[in-house]
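Asks: So you can see what is in the structure, the chains are spelled out below.
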Amino acid sequence: MELGDLKDAWTQYDKKLTENLKLNEELFKKINFNNCKKEIQKPLYYEIFSVVFYFLILTFFVGASIRFISEPKLFIPGFISAFICLLFLIITIIKINRFLTIDYYGSSVLKLQKDIAALNKLLIRFRKYELISVPIVVVLFMPLLNKIFNNIDVYEHVKLYIIEIIFIIVLTYPATFWIYRNLYDNKFKNAEKLLSELNKFEKEE
Amino acid sequence: MEKEEFISVIKNNQNLIYKICYSYCSDAENRKDLQQEILMQLWNSFSKFDGRVKISTWIYRIALNTAISFYRKDSKHTDKKVTLDSSIISLSNFESDAEQDEKIVLLYKFIERLDEIDKALILLYLDDNKYKDIADIIGITETNVATKISRIKKSLKAQFNSN
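Protein chains in written order, with this note's numbering: chain A, 1 to 205; chain B, 1 to 163.
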């Protein structure tokens with residue numbers, strides 16, 4: 001069989017499709033097009049929500065740290081927590097910027113696929129840092145929380161502080177490890193694999 | 001008015017959407033979802049279409065990108081709004097003929113075996129697009145398009161001769 005025959009067959013097939021394809025307008029109208037954008041932009045809305053959340057937490061951390069500015073043992077961990085939170089906030093803004101700069105409707109196939117794979121890699125990498133950092137922030141901020149809400153100085157009750165630290169680490173790190181391994185690790189590897197395949201495809205001539 | 005215009009554009013280009021869905025999804029259920037997703041994406045970008053490229057180029061880009069992303073998704077059916085009973089674009093009365101058409105069935109089988117980007121390339125080639133247009137839609141050079149299509153054609157010829 002010659003390739004020309006196949007192409008002719010395809011042309012004939014296309015003609016038949018033109019004559020016989022039907023658009024089900026009733027069904028078409030059933031799609032709630034007004035909700036389409038909302039559905040597609042869900043990840044973006046999640047990041048915007050994160051910005052608000054981190055901003056509120058940051059404000060609280062900064063406020064609480066300033067309150068104890070004369071007590072370095074409380075101010076320093078509070079300041080470090082606020083700094084980590086500020087990093088989260090900046091990272092989330094970077095993610096939103098990346099979301100908004102991708103041209104979903106004007107890019108070529110290869111460019112859009114590469115952009116999406118790169119964005120996925122970035123999102124998952126940042127999620128990993130977030131997962132690792134959250135327990136650290138909790139441990140660091142614990143002395144301030146104890147002081148603010150229970151008026152307890154954990155440095156005078158070192159045993160209590162150590163128990164709290166152990167409790168947090170034992171509880172959170174295995175969960176963090178499990179979440180990353182089961183939810184994100186494979187996605188990260190897939191994004192990385194796709195990106196390298198697309199780069200290879202683009203280069204080989 | 002915009003919706004009527006959109007429906008008219010889709011009607012004029014439904015072949016293209018149908019063939020892309022058929023090439024990227026062998027499963028009928030997933031094909032319905034992919035059709036719905038492509039139409040959603042086309043609708044979202046419809047107001048941004050400024051006529052700088054041909055309407056078919058615009059549809060190919062969005063439909064192929066959606067199909068490739070859909071194909072790669074880990075979990076399907078997660079974000080659709082309506083579960084459709086049947087396909088939005090369907091064949092009225094010649095589906096059985098198509099199945100009997102050995103060449104087309106074999107072509108689809110061959111396309112199914114290709115990776116996502118090669119699928120797009122061969123579809124654009126079979127639809128008689130110029131290499132320049134294919135290069136523009138895929139985002140590679142014309143030389144690269146020529147090389148890759150020649151490689152796919154060789155493989156296609158070998159597989160058809162072995163059948």
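Watch out, some of these pointers could steer you wrong.
To be verified - Below are the SDA-like pairs computed for lysine to any residue, each with C-alpha atoms no more than 25 Å apart in a straight line:
id, chain 1, residue 1, chain 2, residue 2
1, A, K30, B, N13
2, A, K200, A, A118
3, A, K121, B, R72
4, A, K111, B, A28
5, B, K19, A, L44
6, B, K154, A, L198
7, A, K29, B, Q159
8, A, K15, B, V9
9, A, K22, B, N144
10, A, K42, A, Y155
11, B, K48, B, A28
12, A, K193, A, T101
13, A, K203, B, R72
14, A, K121, A, I163
15, B, K54, A, T176
16, A, K193, B, V9
17, A, K114, B, S45
18, A, K111, A, K121
Claimed, not checked - Every beta carbon over 10 Å from chain B, so not counted as near; a handful from chain A, in silico:
id, residue
19, L3
20, L17
21, K22
22, E47
23, F53
24, L58
25, F60
26, V109
27, L110
28, V138
29, E156
30, L171
31, L194
Hints listed in this document are in silico derivations from the structure and should not be mistaken for laboratory results.
Idealized CB from N, CA, C, for every residue including glycine.
Asks: Checking against the hints above, which ones are violated?
Replies: The structure conflicts with hints 4, 5, 7, 9, 10, 11, 14, 15, 16, 19, 20, 21, 26, 27, 31, although it agrees with all the remaining ones.
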